[in-house]
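Q: Sequence:
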Amino acid sequence: MITIPFLTLIFIFQIRQHLKSFNAKIVISAMAAIFVFLLFLFPHLYLAERFEKGIDEARDFIKNHERVNYIGEYEAHHLRMWMEAAIIIKDHPFFGVGPKGYRQIVTNRVNTGQIAPGVEIFDEPHNFYLNMWTSYGIAGLMILLAFFLTPLAVLIHAIRTAGDDDGSRDMAWCGVYLITGYMLFSLTGTLFNRNMLITFYLVMLAAILSVYRPAAPRAIE
1 MITIPFLTLI
11 FIFQIRQHLK
21 SFNAKIVISA
31 MAAIFVFLLF
41 LFPHLYLAER
51 FEKGIDEARD
61 FIKNHERVNY
71 IGEYEAHHLR
81 MWMEAAIIIK
91 DHPFFGVGPK
101 GYRQIVTNRV
111 NTGQIAPGVE
121 IFDEPHNFYL
131 NMWTSYGIAG
141 LMILLAFFLT
151 PLAVLIHAIR
161 TAGDDDGSRD
171 MAWCGVYLIT
181 GYMLFSLTGT
191 LFNRNMLITF
201 YLVMLAAILS
211 VYRPAAPRAI
221 E
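Numbering (this note's numbering), first residue to last: 1 to 221.
Among these hints, one or two may not hold up.
[Stated by the list, open to error] Here are the simulated distance ranges between beta carbons:
{"id": "1", "residue 1": "Asp170", "residue 2": "Lys100", "range": "42 to 52 Å"}
{"id": "2", "residue 1": "Asn193", "residue 2": "Pro93", "range": "19 to 29 Å"}
{"id": "3", "residue 1": "Asn195", "residue 2": "Leu149", "range": "21 to 31 Å"}
{"id": "4", "residue 1": "Ile156", "residue 2": "Ala86", "range": "25 to 35 Å"}
{"id": "5", "residue 1": "Arg194", "residue 2": "Ile87", "range": "26 to 36 Å"}
Rather than coming from a laboratory, the hints here were simulated on the basis of the structure.
Even glycine gets a Cβ: it sits at the ideal position worked out from N, Cα and C.
With the hints as constraints, model all of the structure from the sequences given.
A: Printed below as a string of structure tokens:
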């Protein structure tokens with residue numbers, strides 16, 4: 001749900017560079033107005049219904065999670081999984097509990113009646129950042145962040161230093177979309193558990209970075 005607004009914001013920053021002869025504020029305002037108009041025109045879209053249902057169930061779960069008999073009744077069961085991950089991180093912040101530790105601990109809490117059943121069937125908390133932290137401690141989280149933020153910093157530098165007519169700038173923007181998308185989707189899933197997704201990420205990122213060449217240092221006059 002949050003991916004589209006973030007990527008739209010990045011797109012707005014990108015097109016500003018191509019609107020020097022126009023009033024960028026007018027163009028952006030027009031785009032926003034069209035988007036809002038479409039939302040009112042199609043109020044019962046599946047995406048809107050799912051978003052509203054998710055908000056309602058999340059609110060209900062937060063208020064009544066101690067009285068829930070079965071977590072699987074809620075699409076907001078991710079909240080319970082994240083809460084369990086937070087408890088594990090609080091108890092094991094530095095070294096984690098290993099790749100299988102999360103499920104073992106959650107299963108034990110279900111079997112002892114501390115939490116309602118329904119989340120013990122999952123191997124990880126469906127959040128890549130929490131998964132790395134619970135499994136490998138703070139070092140695991142830092143490695144994951146570096147995996148995303150290091151190439152992102154390189155691409156942002158490329159965007160800032162590229163010439164106005166340099167096509168590598170738009171390629172760098174493609175890399176920003178790629179990394180940002182993976183970072184956002186990692187909030188609700190462990191994407192790199194699937195070989196296809198990690199292969200796509202690495203191949204596309206390598207191709208984009210291969211286009212970028214650091215600008216030659218300017219001669220000092």
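Q: Decide, hint by hint, whether the structure agrees.
A: Results of checking the hints against the structure:
At about 44 Å, the CB distance of Asp170 to Lys100 agrees with the hint of 42 to 52 Å. At roughly 23 Å, the beta-carbon separation of Asn193 and Pro93 lies within the given 19 to 29 Å, and the hint holds. Between Asn195 and Leu149 the C-beta distance comes to about 23 Å, which sits within the given range of 21 to 31 Å. Against the hinted window of 25 to 35 Å, the Cβ-Cβ separation of Ile156 and Ala86 comes to about 31 Å, which satisfies the hint.
At about 27 Å, the beta-carbon gap between Arg194 and Ile87 stays in the expected band of 26 to 36 Å.
The structure meets every hint from the earlier list without exception.
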